[in-house]
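If you're matching them up, the sequences are chains B and Z in order. The opening residue of the first sequence carries number 1 in UniProt numbering; numbering runs sequentially from there. The opening residue of the second sequence carries number 1 in UniProt numbering; numbering runs sequentially from there.
You may find that some hints are simply not true.
[Said to hold, decoys possible] A few chain Z residues that face chain B, going by a derived Cβ cut-off under 7 Å, partial list only: (1) S243; (2) K248; (3) A249; (4) G250; (5) P254; (6) I255; (7) N256; (8) S257; (9) P303; (10) S304; (11) Y305; (12) L311; (13) L314; (14) P345; (15) F401; (16) A402.
To be clear, the hints were calculated from the coordinates, so they are not data collected in a lab. Given the structure is predicted, the values throughout are model-derived calculations rather than measurements. No residue lacks a Cβ here, since even glycine has one placed at the ideal position from N, Cα and C.
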Amino acid sequence: MQLFPCPFCGPRDETEFHYGGDAGNARPDGAGMPIDRWADYLYLRTNPKGTAREIWVHMNCGEFFVMERDTVTHTVLSSTALGGEHAA
Amino acid sequence: MTRIYSALSLFKEGLAGQTGWQPAWRSPEPKPSYDVIVIGGGGHGLATAYYLAKNHNITGVAVLEKGWIGGGNTGRNTTVVRSNYYYPESVELYSLAHRLYEGLSRDLNYNVMLSQRGMVNLCHSTAEMEVGARTVNAMQINGIDAELFSPEDVRRVAPIYNFSADARFPVFGGIWQGRAGTARHDAVAWGYARAASRLGVDIIQNCEITDFIIEGGRCRGVQTTRGAIRAGRIGMAVAGHSSVLAAKAGFRLPINSYALQACVSEPVKPILDTVVLSPGTGVYVSQSDKGEIVIGGGLDRIPSYAQRGNLPTLETVIAGLLEMFPIFGQLKLMRQWAGIVDVVPDSSPIIGESPLPGLFLNCGWGTGGFKAIPAGGTLLAQLLATGKHNDISRPFDLDRFASGRLIDEAAGSGIAH
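Bound conformation, chain B alone (with noise of 0.2 Å):
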């Protein structure tokens, strides 16, 4: 069992959290929106072999959280609170 560390929480075992996708996957606004820019938020993924940077949620508490992750050895880099607004 790996054990993430959850901003609010601490280390918690992997099994309470789900993953929430990219961080810094914003949102496009604006009427005209080129279809394909539209597409490209809903399910282009960045989806990097090595450190990733990612939306995590805590379900116990509620807490969502950016985890900057290896994909290859699981190793956590850093665990930072969304503190309100849109992870960069």
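With chain B held as given, fit chain Z onto it using these hints.
Relative to the frame of chain B, chain Z by itself:
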């Protein structure tokens, strides 16, 4: 020199001291250029090369594999072959694969050990039985063999299932596909490799792609660990690493990579002669020809490129297995592993030209690529030969994500994606 595998050649070689056999495929040095390059020496890539040569008479083909052929997901799956899908587009695709599998050993002159032992997807409640009836009706309308099983039918094909009164996942019936079964996964890779090599295809192992050669906005070749290789058209069938290569080519894909685990027990005497899938536990089970119980389940829930898998998912799978078959409680696990699978939002594959002209995709098969190998190869070969879609591959083009015409097989494929 023995070229054809047959009972007669086996007999002759026996008399001749087994001296006439030759390597199943050639291992030539890469040439500077080819008509077509196929990236990825798994089942899909090797099948693509074979059908390029066989169906389209294009033999200036190289298959570039960064490791050894069949060493990725082709060698890591649970070997199930089936076509019990729901949507017409999926039915066309997986039926093509299923039909080709049925003739594959003869076509390739290589025994892929297809065993059509049937597969039952269990229903654990009256509500699931209603959905099961709908699925069976859809399959029959689409021309797929399907039967709605009663609890007695399930008991007949899988008597060792947990039918006790206090079972957590009781059997209300099931969806049966009699033509489903298993095939020897390594043999599929080796058979395609041998047949393709005999038609003139160069299979080049230990040759990793480091970059794409892009000229005039078009893909003209690849840089590899064994030098630059150019080609008129390039196909890629690199499940698990599709996003990594896409990034080198300058685009993104609607894919997340996850680990999918499987495991086998020690070999035991024949006890289960069909494939059983329980949506309740998310576990599916068969017995290999060697006697091992082959166990698969759902995805690990953490995006990953590590081909090993995490413990919580394995625990869930084993717990589910024992719920289904308490009789397996004394079995020892012999091996556990994981493959990295391309998970697409609609759980359907991506076949078509990439955003980089000249580079064609065969990816996104998620947890179900093995059963689709002959179709993936046929369709990518047609794209590479003609630049045009087959009617069967057209709906699976990358453009469906912008147009919104998704083929949402998350339910039809039976297992959590």
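Hints, one by one, checked against the model:
1. S243: holds (4 Å)
2. K248: violated (11 Å)
3. A249: Hint on A249 of chain Z: violated, closest Cβ of chain B at ~14 Å, above 7 Å.
4. G250: With Cβ-Cβ at 13 Å, over 7 Å, it is violated.
5. P254: Interface hint status for P254 of chain Z: holds (4 Å vs cutoff 7 Å).
6. I255: holds (6 Å)
7. N256: holds (6 Å)
8. S257: holds (6 Å)
9. P303: Hint on P303 of chain Z: holds, closest Cβ of chain B at ~6 Å, below 7 Å.
10. S304: Holds - the Cβ of S304 of chain Z comes within 7 Å of chain B, reaching about 6 Å at its closest.
11. Y305: holds (5 Å)
12. L311: holds (6 Å)
13. L314: At about 11 Å, which exceeds the 7 Å cut-off, the nearest Cβ of chain B leaves the hint on L314 of chain Z violated.
14. P345: This hint holds: P345 of chain Z lies near chain B, its Cβ roughly 6 Å from the closest one there, short of 7 Å.
15. F401: F401 of chain Z check passes; min Cβ-Cβ to chain B is 4 Å, inside 7 Å.
16. A402: holds (4 Å)
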